[in-house]
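Place chain B on chain A using the hints.
Protein chains: 2
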Amino acid sequence: MEKFSKLSAISPLNEKSKSVLLIDQNKLPRKLTYMKCRNWEQVAVAIEHLSVRGAPAIGVAAAMGLALAALQAGDKHFDSTMQIAAARLRKTRPTAINLFWAIDRIMSIVEMDLSITEKRKKIIEEANYMRNEDIRVNKSIGENGKILFEDGDVVLTHCNTGGLATVKYGTALGVIRAAWNEGKHVEVIADETRPKLQGSRLTAFELQYDGIPVTVICDNMAGHFMAQGKIDKIIVGADRIVRTGHVFNKIGTYSVAVLAKYHGNIPFYVAAPTSTFDLEQSYDEVIIEDRDPREVYFMPGVTKRIVPKGVPVLNPAFDMTPPELITAIITERGIIYPPYEENIKKIMP
Amino acid sequence: MEKFSKLSAISPLNEKSKSVLLIDQNKLPRKLTYMKCRNWEQVAVAIEHLSVRGAPAIGVAAAMGLALAALQAGDKHFDSTMQIAAARLRKTRPTAINLFWAIDRIMSIVEMDLSITEKRKKIIEEANYMRNEDIRVNKSIGENGKILFEDGDVVLTHCNTGGLATVKYGTALGVIRAAWNEGKHVEVIADETRPKLQGSRLTAFELQYDGIPVTVICDNMAGHFMAQGKIDKIIVGADRIVRTGHVFNKIGTYSVAVLAKYHGNIPFYVAAPTSTFDLEQSYDEVIIEDRDPREVYFMPGVTKRIVPKGVPVLNPAFDMTPPELITAIITERGIIYPPYEENIKKIMP
Chain A
10 MEKFSKLSAI SPLNEKSKSV LLIDQNKLPR KLTYMKCRNW EQVAVAIEHL
60 SVRGAPAIGV AAAMGLALAA LQAGDKHFDS TMQIAAARLR KTRPTAINLF
110 WAIDRIMSIV EMDLSITEKR KKIIEEANYM RNEDIRVNKS IGENGKILFE
160 DGDVVLTHCN TGGLATVKYG TALGVIRAAW NEGKHVEVIA DETRPKLQGS
210 RLTAFELQYD GIPVTVICDN MAGHFMAQGK IDKIIVGADR IVRTGHVFNK
260 IGTYSVAVLA KYHGNIPFYV AAPTSTFDLE QSYDEVIIED RDPREVYFMP
310 GVTKRIVPKG VPVLNPAFDM TPPELITAII TERGIIYPPY EENIKKIMP
Chain B
10 MEKFSKLSAI SPLNEKSKSV LLIDQNKLPR KLTYMKCRNW EQVAVAIEHL
60 SVRGAPAIGV AAAMGLALAA LQAGDKHFDS TMQIAAARLR KTRPTAINLF
110 WAIDRIMSIV EMDLSITEKR KKIIEEANYM RNEDIRVNKS IGENGKILFE
160 DGDVVLTHCN TGGLATVKYG TALGVIRAAW NEGKHVEVIA DETRPKLQGS
210 RLTAFELQYD GIPVTVICDN MAGHFMAQGK IDKIIVGADR IVRTGHVFNK
260 IGTYSVAVLA KYHGNIPFYV AAPTSTFDLE QSYDEVIIED RDPREVYFMP
310 GVTKRIVPKG VPVLNPAFDM TPPELITAII TERGIIYPPY EENIKKIMP
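Protein chains in written order, with this note's numbering: chain A, 10 to 358; chain B, 10 to 358.
Treat each hint with caution, since some may be false.
Stated by the list, open to error - Partial pick of chain B residues on the chain A-facing surface, computed with a CB cut under 8 Å:
1. Asp228
2. Asn229
3. Val305
4. Pro309
5. Lys313
Note that these hints are calculated values from the structure, not bench results.
What you are looking at is a predicted structure, and each value in this text was computed from that prediction instead of being measured.
Just so it is clear, CB atoms sit at the ideal spot from N, CA and C, and this is done for glycine as well.
If we strip away everything but chain A, and leave its shape as in the complex, we get (with noise of 0.2 Å):
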């Protein structure tokens, strides 16, 4: 069987057929199958529904549909169909800011003193080479991380931040991928991750795919094998980290850094591309997106409800783990320990 890992998640736009293959996450485990995004509305809806989703698989997708639209928009309303199209994406989910980085990068294109040809050809380009520049980054993660990880290792993670969730490989299960290629023989413990269960859905998926071992564990296990020993070491993605080394990542995520830091200090990596940090923001201004309770009150794909009717639900999508309970955050141009604040600004531009 072909690695997960030479499968892509985001395919290249097909100039062609004017349409990009994304692969449709609510339809795994049970089903591997692409869907054909023709156009940036298809695309947005495609990352609003978690079809896509994953921090860096949401910022190409956004390029892509940006690129649809620069195929599609005729020359006379060319910027302003741009603009449409860049203001709709932006709307599909407030969180993860690489969606607004590969706008913005994709946008600067359309500003810029060049023909529509140009400019078309471009945003084609700089979209198909963004995609690529993602494969390369997470393998320069991998690299950069799997020091980190030792034969033997048992590894907790939450959510999915795997081939899935990028264009391929991954960010912390890149890092994973890149210590098993190794050869060093480490176990996977993913936490299913409620209510999307991106854990047992994906993350168990695409190891089970690549023969790498995992087992599936409820969020609310995770401290019970700590307290047994089970777990070496915990690494994750990140949907946002700000200046001050404060991490937005899947709701979920700050329970098991807590629970790491009470365990004697069990070792909580965060594996990100720098197209995670957010220079601008403080942790405070961060929206964090409330998603519809109907992901609480269904399972995923099923249509028995699990709530009773009329009792509310909260679904906040992510939380914030502070910088005092992160070991270190691995990204393509290295490894960053504390103190965060001085030391993101080493490794950013």
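Below, chain B alone, put in the same frame as chain A:
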């Protein structure tokens, strides 16, 4: 609408129909329905499948199972039939001590120097007495514990410890009911409690039924809301409390206790009848039940797989919370504060 606390999760033994009615908790929240158990085997299966669950309810159900055995056993093989029924019921679940406490209590009648007719009569009386006693005990726990809660408190709870986990009224939820009935407006946040969702399916159901405000969250969100200062107090039940004050309760309880400690010592209360105390075994001797992996592979009542085939899962049903994380233990005989080893001795006969 009748208050939920007017319903009872376990009926008295009906000698005419030779049956006991149990609310089928696996059908909730979609359907409030009773299952009729006509023999001890049906009771045993109901306990194994969590149709009846919650330490106090399991104890009373087992007593009812033995009462059904006593009704059905012929005079010739009365004692041996009772032994077989007791052995079967003992094997249903290993962790909740109430099960063994209840079986021992009934079986001590079998050992008595009485005629078969007298034994049968006494066993049925005792089972019905234990059922009524459970209700009285829960009321006392509620009365004792309610002073710990104030008007306006937002109280986190885990799993279900209400009328469904007992015969009626509940332990931890009984305390909430008592506070509420005294006019204290408390709001409950219920952890959904994977894998079996006792929080979202059962706790939400019975609190909504009684008009007590309840909001459901996923288990991995509790830390986030503690960090936001949104949780004032925590109250949970127990399946077994050993002499040193170590509390065995639903998986996830321990993580909540650690998080409470980390967030400036949010009060963490345990409510349980003294029948939940085990003064014999030490905490490292208690067996934590590992349940069927299918509870994690599939959502309750749903056949769609949420973990890829072939990926292992872990499914411990309980964890252990050490005494240093517990603010107080509320029993029908009063509130126990640290040092637990000393104060448990004082309250237990």
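Hints versus structure:
Given hint, B/Asp228 at the interface with chain A, holds; its Cβ is 4 Å from that chain's nearest Cβ, closer than 8 Å. With its C-beta approaching chain A no nearer than about 3 Å, B/Asn229 sits inside the 8 Å limit, and its interface hint holds. Among the interface hints, the one on B/Val305 holds; its C-beta lies about 6 Å from the nearest C-beta in chain A, closer than the 8 Å criterion. The beta carbon of B/Pro309 comes within 7 Å of a beta carbon in chain A, closer than 8 Å, and the hint placing it at the interface holds.
Given hint, B/Lys313 at the interface with chain A, holds; its Cβ is 6 Å from that chain's nearest Cβ, closer than 8 Å.
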